[in-house]
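All chains should be modelled from the sequences, with the hints used to inform the complete structure.
In case you want the letters, here they are:
Number of protein chains: 4
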Amino acid sequence: MMLKELREKVYEANMDLPKHGLVVFTWGNASEFDRESGLFVIKPSGVDYDKLSPESMVVCDLDGKVVEGDLNPSSDTPTHAYLYREWGDKIGGVVHTHSAWAVSWAQAGRDIPAYGTTHADYFYGPIPCMRGLTEEEIEEAYELNTGKVIVEGFAERDIDPIAVPAVLVRNHGPFTWGKDADAAVYHAVVLDEVAKMAARTEMLQDGVAPAPQYLQDKHYLRKHGPNAYYGQGGAH
Amino acid sequence: MMLKELREKVYEANMDLPKHGLVVFTWGNASEFDRESGLFVIKPSGVDYDKLSPESMVVCDLDGKVVEGDLNPSSDTPTHAYLYREWGDKIGGVVHTHSAWAVSWAQAGRDIPAYGTTHADYFYGPIPCMRGLTEEEIEEAYELNTGKVIVEGFAERDIDPIAVPAVLVRNHGPFTWGKDADAAVYHAVVLDEVAKMAARTEMLQDGVAPAPQYLQDKHYLRKHGPNAYYGQGGAH
Amino acid sequence: MMLKELREKVYEANMDLPKHGLVVFTWGNASEFDRESGLFVIKPSGVDYDKLSPESMVVCDLDGKVVEGDLNPSSDTPTHAYLYREWGDKIGGVVHTHSAWAVSWAQAGRDIPAYGTTHADYFYGPIPCMRGLTEEEIEEAYELNTGKVIVEGFAERDIDPIAVPAVLVRNHGPFTWGKDADAAVYHAVVLDEVAKMAARTEMLQDGVAPAPQYLQDKHYLRKHGPNAYYGQGGAH
Amino acid sequence: MMLKELREKVYEANMDLPKHGLVVFTWGNASEFDRESGLFVIKPSGVDYDKLSPESMVVCDLDGKVVEGDLNPSSDTPTHAYLYREWGDKIGGVVHTHSAWAVSWAQAGRDIPAYGTTHADYFYGPIPCMRGLTEEEIEEAYELNTGKVIVEGFAERDIDPIAVPAVLVRNHGPFTWGKDADAAVYHAVVLDEVAKMAARTEMLQDGVAPAPQYLQDKHYLRKHGPNAYYGQGGAH
Chain A
1413 MMLKELREKV
1423 YEANMDLPKH
1433 GLVVFTWGNA
1443 SEFDRESGLF
1453 VIKPSGVDYD
1463 KLSPESMVVC
1473 DLDGKVVEGD
1483 LNPSSDTPTH
1493 AYLYREWGDK
1503 IGGVVHTHSA
1513 WAVSWAQAGR
1523 DIPAYGTTHA
1533 DYFYGPIPCM
1543 RGLTEEEIEE
1553 AYELNTGKVI
1563 VEGFAERDID
1573 PIAVPAVLVR
1583 NHGPFTWGKD
1593 ADAAVYHAVV
1603 LDEVAKMAAR
1613 TEMLQDGVAP
1623 APQYLQDKHY
1633 LRKHGPNAYY
1643 GQGGAH
Chain B
1413 MMLKELREKV
1423 YEANMDLPKH
1433 GLVVFTWGNA
1443 SEFDRESGLF
1453 VIKPSGVDYD
1463 KLSPESMVVC
1473 DLDGKVVEGD
1483 LNPSSDTPTH
1493 AYLYREWGDK
1503 IGGVVHTHSA
1513 WAVSWAQAGR
1523 DIPAYGTTHA
1533 DYFYGPIPCM
1543 RGLTEEEIEE
1553 AYELNTGKVI
1563 VEGFAERDID
1573 PIAVPAVLVR
1583 NHGPFTWGKD
1593 ADAAVYHAVV
1603 LDEVAKMAAR
1613 TEMLQDGVAP
1623 APQYLQDKHY
1633 LRKHGPNAYY
1643 GQGGAH
Chain C
1413 MMLKELREKV
1423 YEANMDLPKH
1433 GLVVFTWGNA
1443 SEFDRESGLF
1453 VIKPSGVDYD
1463 KLSPESMVVC
1473 DLDGKVVEGD
1483 LNPSSDTPTH
1493 AYLYREWGDK
1503 IGGVVHTHSA
1513 WAVSWAQAGR
1523 DIPAYGTTHA
1533 DYFYGPIPCM
1543 RGLTEEEIEE
1553 AYELNTGKVI
1563 VEGFAERDID
1573 PIAVPAVLVR
1583 NHGPFTWGKD
1593 ADAAVYHAVV
1603 LDEVAKMAAR
1613 TEMLQDGVAP
1623 APQYLQDKHY
1633 LRKHGPNAYY
1643 GQGGAH
Chain D
1413 MMLKELREKV
1423 YEANMDLPKH
1433 GLVVFTWGNA
1443 SEFDRESGLF
1453 VIKPSGVDYD
1463 KLSPESMVVC
1473 DLDGKVVEGD
1483 LNPSSDTPTH
1493 AYLYREWGDK
1503 IGGVVHTHSA
1513 WAVSWAQAGR
1523 DIPAYGTTHA
1533 DYFYGPIPCM
1543 RGLTEEEIEE
1553 AYELNTGKVI
1563 VEGFAERDID
1573 PIAVPAVLVR
1583 NHGPFTWGKD
1593 ADAAVYHAVV
1603 LDEVAKMAAR
1613 TEMLQDGVAP
1623 APQYLQDKHY
1633 LRKHGPNAYY
1643 GQGGAH
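Residue numbers (the working numbering), protein chains in the order written: chain A, 1413 to 1648; chain B, 1413 to 1648; chain C, 1413 to 1648; chain D, 1413 to 1648.
Keep in mind that the hints were calculated from the coordinates and are not lab data.
Treat each hint with caution, since some may be false.
Chain B is faced by these chain C residues, among others (derived, beta-carbon under 10 Å) [stated by the list, open to error]:
#, residue
1, 1609
2, 1625
3, 1631
In silico DSS-like cross-links for lysine-lysine, where the CA-CA straight-line distance does not exceed 25 Å [as the list claims (entries may be wrong)]:
#, chain 1, residue 1, chain 2, residue 2
4, C, 1635, B, 1463
5, B, 1463, C, 1431
6, B, 1463, C, 1591
7, D, 1560, A, 1635
8, D, 1416, D, 1463
9, C, 1431, B, 1431
10, B, 1630, A, 1560
11, A, 1431, C, 1431
12, B, 1635, A, 1560
13, D, 1635, C, 1477
14, C, 1560, D, 1630
15, D, 1431, B, 1431
16, B, 1560, B, 1477
17, A, 1463, A, 1431
18, C, 1630, B, 1560
19, D, 1421, C, 1463
20, A, 1463, B, 1431
21, C, 1421, B, 1463
22, A, 1463, B, 1591
23, B, 1477, C, 1635
24, A, 1431, D, 1463
25, A, 1477, B, 1635
26, B, 1421, A, 1463
27, D, 1560, A, 1630
Positions of the beta carbon are idealized from the N, C-alpha and C atoms, including for glycine.
Structure, rendered in structure tokens:
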């Protein structure tokens, strides 16, 4: 069996999604990319979490084709594949959920503004909501084009996917990523927490402004980059 | 004892309601229809969930009359009976709850718009809120007429109960259904989740529009019908 | 030791409050009245729930004086005492909590309108918010006068405490009651659920109207009174 | 090993933060001050709660310098140190969290008004939101200056930190304190509960006013000071 250790890791990352309250039923998936082989491991489609196992994970190539596995991979596999194809030098794990607060912003079609340090500790700037896919893009190759819209959206708005490891797909929901599947799960948790706080902030104050840029800089940079001093020297 | 296996199934479906946080105290009930005998099995009325057992389930006919069982069936039995009488060729399970988000929409007297793919994955169009019953309908046969208002409402608005397996009864709460009791429970969970997301979406954006129809089509049809490709070939 | 069985019952009722998520720390108390002796049993003041026992419950008379017990009774004891003194022929249990949704309505100074059947199943009409106590009433005898304001408020508005077994004390929080301590706990749970649903209903629809009176009548009367048909013949 | 007992106490206080649902991942810290030695014990930075132990706690002096411990102390250590330096005669424990409701008020840049008795039982007046730090203050010594802004803010507004044991740091989150670490944790729980109730109160009533001053006086003073009569004679 290929990528035995990675299967175990991706299995555990998937199991963490319901533990953190991010998924209902089967509404989420985590994957991790193995740079050496150019393959990634992802959850099978529509299988209950309590029936998952490391062995049931599916190995795919960067075209989203199954390389090993008896089950269909997640229907979102072409999105994962495209993100690794384009950003695989920077990111090693991807997560998709329908976590309720993040979905609400995606359905509202809005970026999540950086209202405070909880946000700035992990996301350097607003979490962008992408444009909706056109009817043609949906009919042609929905999941692949979802990936394309994300990558193009980040390029157009000049956002570094390392600095902002999350996106809202319009009328759909969030994708997050990171150096591995665990980091992507971590960011999925932070995203929903930040989405909740931002919604409540607006409820409390009409026309509230984002946190000052210098405060965002301070918090992001005390956790990330060469001058980070948060934690024990091992960045998250 | 009649329908022994079905009693077990309906018992388990009822027990799933508090597990999913959908019911407080005794405020919910699940039933399943046996097409062969023309009977259905339903929870007894007002009995604590921790005192339920497969044996305490009640067997009723399509007039809502008790065929076997020592306890009174759920007070909502005539609604279940009417839904099976009218739609029994299409649906095999019915659930009623007072889940808080769905009730809030029912009390507001509003359809739940299809704001995103979480909704569209299970409900093909808005989840309709029915007209309220008249004083005469309530006095004459409240629970039976609740069923009639639902079936007439779907017919008038030309909604297929298979494509939209949920309804809001005005000032009351939700009913959901599916191919069996488990599917009806599943839809009850999705309904409350979708109701929550929709409320928050409106909180974040005044005048927000439903998801484009072609996106709704895509999501519903990738899970349902002959061209479905979500999951492992067994539709929910 | 006096009223041994009642102490056990009141202890259990108090322990149910944190189980139902109604109290944080020590912010709640339940009592039950023994008509025969004219005494009631109540939780001690400010003691952690995990240190309570049947023996630590306090027995008081209808002036709120301690008859048996080593600990101070709840600081709200004079309110409980006054309710039993005035309504002791009708009610046998009282509960006070700071449950978050009910408190929010009390702080807003508003009655909770009867927007639906979940409300009408237990409360026959709006749950009234009392006027605030005057400075003089607070200085003279705060907790006793809280009871007086409740009883006078119900009399002035011609509300039967059996039909509406809950009240909001302005800027403070809810009291609920019932035939015994268990029923008062039950109503405390329903009150917070109904308070939550009502707040969300207003969020979804400006200027929403209460449920039609005939629907409220139907639901209240199918559960209560001589023609009740909900449950197994034993009313809650 | 120094301050063995205090390490145990601070460890337990830190562990209580996730138990009360106040922290996600590592987003919180509790400390306690030892007046005799002039040192305080604090959580290490960025270590998972399930890997903490009494031994991993860090001992610091009032300049925030590590006196004993193998790990880096919390990045917020200079804030804790400054609060003990300035208020160490009054307070013995400090807690910082990113609890969601309190953060939402901090991001909105608003004081939390005292809308009711739940608030007044613990906080004598509104919970103040401090001014934001300037760019210079952030660049110079962010965490130390956070402490300075708090102490100056309380002095300018003439707020006694004993009477209001909580603050909102603008665009960041809450700090709470008390006679020891346990009391600071307690106040952190109350703060988030009160922040939630206040937000919902405003949702229910535009332009709602704080509770009358005489009601706030009554509730605060029945729990605190020489005439307190809540509890068993031992103030919290």
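Hint-by-hint comparison with the structure:
Evaluation of the residue 1609 (chain C) hint against chain B yields a held restraint, the C-beta minimum of about 5 Å falling below 10 Å. Interface restraint check: residue 1625 (chain C) against chain B, minimum CB-CB distance 9 Å, threshold 10 Å, status holds. The interface hint given for residue 1631 (chain C) is met, as the beta carbon of that residue sits about 8 Å from the closest beta carbon of chain B, less than 10 Å. Among the hinted pairs, residue 1635 (chain C) with residue 1463 (chain B) is consistent with the structure: their alpha-carbon atoms are about 20 Å apart, no more than 25 Å.
Taken as a hint, the residue 1463 (chain B) and residue 1431 (chain C) pair is honoured in the structure, with Cα atoms around 18 Å apart against an allowance of 25 Å. About 22 Å separates the Cα atoms of residue 1463 (chain B) and residue 1591 (chain C), which keeps this hinted pair within 25 Å; it holds. Straight-line distance between C-alpha atoms of residue 1560 (chain D) and residue 1635 (chain A) comes to about 23 Å, which keeps the hinted pair within the 25 Å bound. At most 25 Å may separate the alpha-carbon atoms for a hinted pair to count; residue 1416 (chain D) and residue 1463 (chain D) meet this at roughly 18 Å.
A C-alpha spacing of about 15 Å is found between residue 1431 (chain C) and residue 1431 (chain B), which places the hinted pair at or below 25 Å, so the restraint holds. Proposed proximity of residue 1630 (chain B) and residue 1560 (chain A) is supported: the alpha carbons are some 18 Å apart, at most 25 Å. In summary, the hint linking residue 1431 (chain A) to residue 1431 (chain C) is supported, as the alpha carbons are separated by about 22 Å, within the 25 Å threshold. A C-alpha spacing of about 23 Å is found between residue 1635 (chain B) and residue 1560 (chain A), which places the hinted pair at or below 25 Å, so the restraint holds.
A distance of roughly 20 Å separates the Cα atoms of residue 1635 (chain D) and residue 1477 (chain C); the hinted pair therefore holds under the 25 Å criterion. For the proposed pair residue 1560 (chain C) and residue 1630 (chain D), the alpha carbon gap of about 18 Å is at most 25 Å, so the pair holds. For a cut-off of 25 Å, the pair hint linking residue 1431 (chain D) to residue 1431 (chain B) stands: about 21 Å separates their Cα positions. Taking the CA atoms of residue 1560 (chain B) and residue 1477 (chain B), the gap is near 17 Å; set against the 25 Å cutoff, the hint holds.
In summary, the hint linking residue 1463 (chain A) to residue 1431 (chain A) is supported, as the alpha carbons are separated by about 15 Å, within the 25 Å threshold. This hinted pair checks out: residue 1630 (chain C) and residue 1560 (chain B) have alpha carbons roughly 18 Å apart, not beyond 25 Å. This hinted pair checks out: residue 1421 (chain D) and residue 1463 (chain C) have alpha carbons roughly 20 Å apart, not beyond 25 Å. For a cut-off of 25 Å, the pair hint linking residue 1463 (chain A) to residue 1431 (chain B) stands: about 18 Å separates their Cα positions.
For the hint linking residue 1421 (chain C) to residue 1463 (chain B), the alpha-carbon distance of about 20 Å falls within 25 Å, and the restraint holds. Note on residue 1463 (chain A) and residue 1591 (chain B): the hinted pairing holds, with a Cα-Cα distance of about 22 Å set against a maximum of 25 Å. For the given pair, residue 1477 (chain B) sits about 20 Å from residue 1635 (chain C) by alpha-carbon distance, which is consistent with the 25 Å threshold. A threshold of 25 Å between alpha carbons decides the hint, and for residue 1431 (chain A) with residue 1463 (chain D) the separation of about 18 Å falls inside it, so the pair holds.
For the hint linking residue 1477 (chain A) to residue 1635 (chain B), the alpha-carbon distance of about 20 Å falls within 25 Å, and the restraint holds. Between residue 1421 (chain B) and residue 1463 (chain A), the direct Cα distance comes to roughly 20 Å. Compliance with the 25 Å bound is thereby established for this hinted pair. Simply put, residue 1560 (chain D) and residue 1630 (chain A) have alpha-carbon atoms about 18 Å apart, close enough for the 25 Å limit, and the pair holds.
Hint compliance for this structure: no hint is broken.
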